[in-house]
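**Q** Chain B: place on chain A using the hints.
Protein chains: 2
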Amino acid sequence: MSANPAKALHLDDLAVGDAFTSAEHALDAQQIKAFAAAFDPQPFHLDDEAAKGTLFGGLAASGWHTAAITMRLLVTGGMPLAGGIIGAGGELSWPRPTRPDDRLHVVSEVTGIAPSRSRPDRGIVTVRSETRNQRGEAVQVLVSKLVVPRRPA
Amino acid sequence: MSANPAKALHLDDLAVGDAFTSAEHALDAQQIKAFAAAFDPQPFHLDDEAAKGTLFGGLAASGWHTAAITMRLLVTGGMPLAGGIIGAGGELSWPRPTRPDDRLHVVSEVTGIAPSRSRPDRGIVTVRSETRNQRGEAVQVLVSKLVVPRRPA
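Note that the protein sequences, when read in sequence, are chains A and B. Position 131 of the first sequence, counting from 1, maps to 140 under the working numbering, and the rest follow consecutively. Position 117 of the second sequence, counting from 1, maps to 126 under the working numbering, and the rest follow consecutively.
The following block holds chain A by itself, in its conformation from the complex (with noise of 0.2 Å):
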């Protein structure tokens, strides 16, 4: 469920340019149409044949539903950071639709590294997060700031 706590990494093991790269989750229509009758319920996510005549031109997963596909992929072993994976929040961009059919994984990049002036215990990391199809395009690009404690000493 959560990263193995023996290779969860601290604020000290990691460094601008360390990579991460997830395990894959193979989406279809009735996940999209689940997640959308929930949270995002327009024709373009809801229904094959309304979503021809729309911008999307054909079923596409809601962009929320992309990027909570992509929360767990992070959480399930893709970015194993120690104490989780918790945000403040972040930019999100949707450069593609996610279809019925996509693979998706999510290749991570530490871009930045700040310890926390205030709290002495931990650092803010901020890491790009690309959600990439079966063909390497990305569908989603997210630039999070991530709260990420120092080893015990």
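Hints should not be assumed to be uniformly reliable.
For identical chains, the list gives no copy identity; a pair is met inside one copy or between any two copies.
As the list claims (entries may be wrong) - Within a straight-line C-alpha distance of at most 30 Å, the following computed BS3-like cross-link-like pairs (lysine-lysine) qualify:
1. 154 x 16
2. 154 x 61
3. 61 x 42
These are calculated hints, taken from the structure and not from any lab test.
**A** Frame of chain A, contents of chain B only:
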């Protein structure tokens, strides 16, 4: 499900400063744990006891769950745009945790409007959506750029 088409707003109908308030969503621990099990399986989103010893100090919703609920509130009347709510991405922050007994609503404000130069039938509308709990405290701030069609001639 989607906004009443008769009331849906086109680009021509919008002005900077226009504001919208969504309906309310009542959260509970079961919803928080179900979303977390599917997409963000970390102890502070899954288990009341385990959450007490974490940075959250108690059960809290995944930020991605707050984002998904926000989208549902926007899509189901909170932001009645013609063509639906189609975003290319945005900036997201979670200023404080979302808790099991929270009742959430979303207050959105149009902060920018830019007609498309390449596609005269649409424009990009910047919207700042604040998701607030029952005490009026912001649990999420989302600034998104949405594709909004012009009214057909």
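**Q** All the hints need checking, so say for each whether the structure fits it.
**A** The hints, checked one at a time:
no. : hint     : result
1   : 154 x 16 : within (21 Å within a copy, 39 Å between copies)
2   : 154 x 61 : between (37 Å within a copy, 23 Å between copies)
3   : 61 x 42  : within (15 Å within a copy, 35 Å between copies)
When the structure is compared with the earlier hints, no violation turns up for any of them.
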